[in-house]
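Colleague: One letter stands for each residue in the lines below.
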Amino acid sequence: MRTHPGLRLARALGLVALAAAPVAARMAALGVAPAAAEEMSGEDLERQIKAAYLYKFSGYVEWPHAAMATDRTPLVIGVMGDEALAEDLENLLRQRAEDARPVSVVRVKAFEPLPTLHVLFIGRSESDHLAPLIRAARERPILVVTDTEGALALGSMINFDVTGGRVRFDVGLASAQKSGLIMSSRLLAVAQMVEKRSP
Amino acid sequence: MFRDVSSIRLKVMLIVLVTSLAALLFASVVLVAYDVRTHRESWARDLTIQAEVVGRTSAPALVFLDTLTAHQSLAALAIRPEVQAAAVYTADGHLFATYAKSNKPRDFPTQVGANGHRFDLNRFTLFREIDDTDGRVGTVYLAAQYDLNDRLANYLPVLAIIVLGSLAVALGMSYALQSSLTRPILAIADVAQQVRARRDFSLRVARDTNDETGQLVDAFNAMMAEVAEAQASLLDSNRRKDEFLATLAHELRSPLGPIRNAAYALRLEGEEESRGLEIIDRQVRHMARLIEDLMDLSRISRDVLELRYSDFPVRDLMPDILEGARYEAEEAGHTLEVEIENPDLPLSADRARIVQVIGNLLNNAIKYTPRGGTITIRVASQDAKLTVEVEDDGIGIPPDKLEQIFEPFSQLDRSLEKTRGGLGLGLALAQRLVALHGGTLTACSEGLGKGSTFRVTLPIVSEEGTEPAPALSPAREVASAKLRILVADDSVDGAESLARLLIVLGHDADVAFDGQQALDLMGEHSYDAAILDIGMPHVNGYEVARRVRESELDHRMLLVALTGWGQESDKQRALDAGFDRHLTKPVAPEQLVEALRPAVLGAGGVTALPPA
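Chains A and B supply the protein sequences, listed in that same order.
Residue 77 in my numbering sits at position 77 of the first sequence, with consecutive numbering throughout.
Residue 363 in my numbering sits at position 363 of the second sequence, with consecutive numbering throughout.
The hints are simulated quantities; they were obtained by calculation from the structure and are not laboratory data.
C-beta atoms are modelled at their ideal positions from N, C-alpha and C, and glycine is treated no differently.
Heads up, a few of these hints could be off.
[Said to hold, decoys possible] On the chain A side, residues computed to face chain B include the following (Cβ under 8 Å):
| # | residue |
| --- | --- |
| 1 | Y53 |
| 2 | K56 |
| 3 | G59 |
| 4 | Y60 |
| 5 | L187 |
| 6 | A189 |
| 7 | V190 |
| 8 | K196 |
Construct the entire structure; sequences and hints are all you get.
Modeller: Okay, structure coming up:
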């Protein structure tokens, strides 16, 4: 096993991306993924992983019934302040199986009224006024995911953290609970840190 | 298989034991096989579930690329000691996280296998796909040590307890229930044993079953009934034969007395030179001896023969023995030799019987030795035993006949019967008489033509130093005093021949032919003595004696009873009735003289009897 973090992440991405892909597509992707990873910069790779995680989080979070009637209810993920990530996410979702759960990606602008969302990602570009943005999102049962250090203290529910080339995340459990979201303990198990105190 | 087991009860129990054991072993093997299979399956299912759990807990770690958490999830398998190694693979087949039991090699397959498990001997391997909310995220691999021996070690003691317990129960039950099978058979065996031991054919086995053993019991009982019946009829016919022999001998003997008396009287009357009379006398003696033998044998077989023991020196035996055989020995031209080691050796025995035994042996030797032979009588003592050997150089006895010659009615060579004569009773009688004395009679012979030796061994009962009895009977005396004697016998010949003998001896004699007539005569005359037959019509001898003793007729008349029955009880009965003496037919003249001696002494002197 090679130890180069980039390559490792590339492979991990391939795994995540291809997990739900049809068999034929997956076969083709196997040959491409390592080669693509060689060309990809560390920043692109990191973003793609974050996009995949953003989608995967939904599997470990339970929304109130009003927001998510069944598990076939279309999931809406809002992306704010990171167009590249939104595109990555859309690419990823396209590779999913036909019968997979419907997911749509909505680009959200800061300080505009929020559409109906289940997940809201606030990119690093909005770090300066993160607090009001989070506060606004928390009025509804929305999983708030941020990419800024110290965001948990502002009420973010999941905050990415990259250390040593590895994409990890912290969980603000109390904040999620306040918004009526239930986080799976299995998600907490893989979180780097879980903040149980309310900010 | 159970041929050497001596008890049927044991046999039944063994059969039950072996049968139960076979059934139990079969059941055990099947049970163990079934258990091993189901246990392995459930064990495999258990581990599959374990793998599923591990997969589920490591699914988020796979999703979010968290190998640390995946390792921790796998490390939880340490609680399952049988799990040797485990691993989580990513969905595209790369090793993601591993676990290995300490001290086990970290050896993981490079290729992810299909969903499912397999056993290679004791090694169990399993691949299990990990599904999560969004489909398959990876695969769990698990390797474990399936220890069959552990399971068996747990299972076999329990099985052993079950088998042993069942055997014990089976044994107990068979012990309790076998009796229904074995009881009738054992009962038959028991009764058969008793029948053999006690010769009691009236024993029966109680039947209490209706199966084949019941039929066996019936058959056995029926057989016993037949045997009992056959034995009874055998005993009955044997008894009748004995009775017949006794009667026959008795009846044959009756005419002998008169003949003998008549011959004796004739001789005394001066016809000594008559050769015919000698022949009559000799033949009568011979016939009397044969009949005596027959009677004795009959007495022995009816167990009524009694021995009259007396103490006497060995020497006393010889004259009578030689007397009886002298004539025949001389006739045949034999030489008789007598060797007596210790003539004064005291002996306690029935003298007459011992004389009879040796006499028989001597007669036998004379008979079976060709003319001019030598016959030796050898008397010796050894170890408190007296041995008398009668040795001849005659025709001998083949070895295979040595036992047979002692059987009654057996003779060595039937073809010789006519020339040798005899009833074939002599040896049989001799052996029985010796046995009654507590001794033995054996024969030995080198073979045909080499002579034979008969050896009588008698215990010497008499103590050392016993005074030898005085030499018997200087009987050759005749009364000088003339007596008046009444003879009563319903046999006319018997009465008259006896009367004639008495007259020849110098007395007066009257005859009566029944008891009443005798009493009448006694009333008319005064007699010195009366010789009364017991078995007379109207008034028997006992009755006559009783009346004589009760009436005034009794002036110390000598009463002599004369019977064909010479048992001790007969004598006692005669004495009880009032007789002074008891004589058994046929009466020898010497005995008659002896019996009349008290009357003679009462009347006057005694003179010697002329030689017979």
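Colleague: Each hint: holds or not?
Modeller: Against the structure, the hints:
1. A cut of 8 Å between beta carbons decides the hint on Y53 of chain A: the least distance to chain B is about 6 Å, and the hint holds.
2. Proximity of K56 of chain A to chain B holds as hinted, the smallest CB-CB distance being about 5 Å (cut-off 8 Å).
3. Interface hint status for G59 of chain A: upheld, as the beta-carbon distance to the closest one in chain B is roughly 3 Å, under 8 Å.
4. About 6 Å separates the beta-carbon of Y60 of chain A from the nearest beta-carbon of chain B, less than 8 Å, and the hint is met.
5. The beta carbon of L187 of chain A comes within 6 Å of a beta carbon in chain B, closer than 8 Å, and the hint placing it at the interface holds.
6. The interface hint given for A189 of chain A holds, since its Cβ lies 6 Å from the closest Cβ of chain B, which is under the 8 Å cut-off.
7. The interface hint given for V190 of chain A holds, since its Cβ lies 4 Å from the closest Cβ of chain B, which is under the 8 Å cut-off.
8. Residue-level restraint check for K196 of chain A is violated (minimum Cβ-Cβ distance to chain B is 18 Å; threshold 8 Å).
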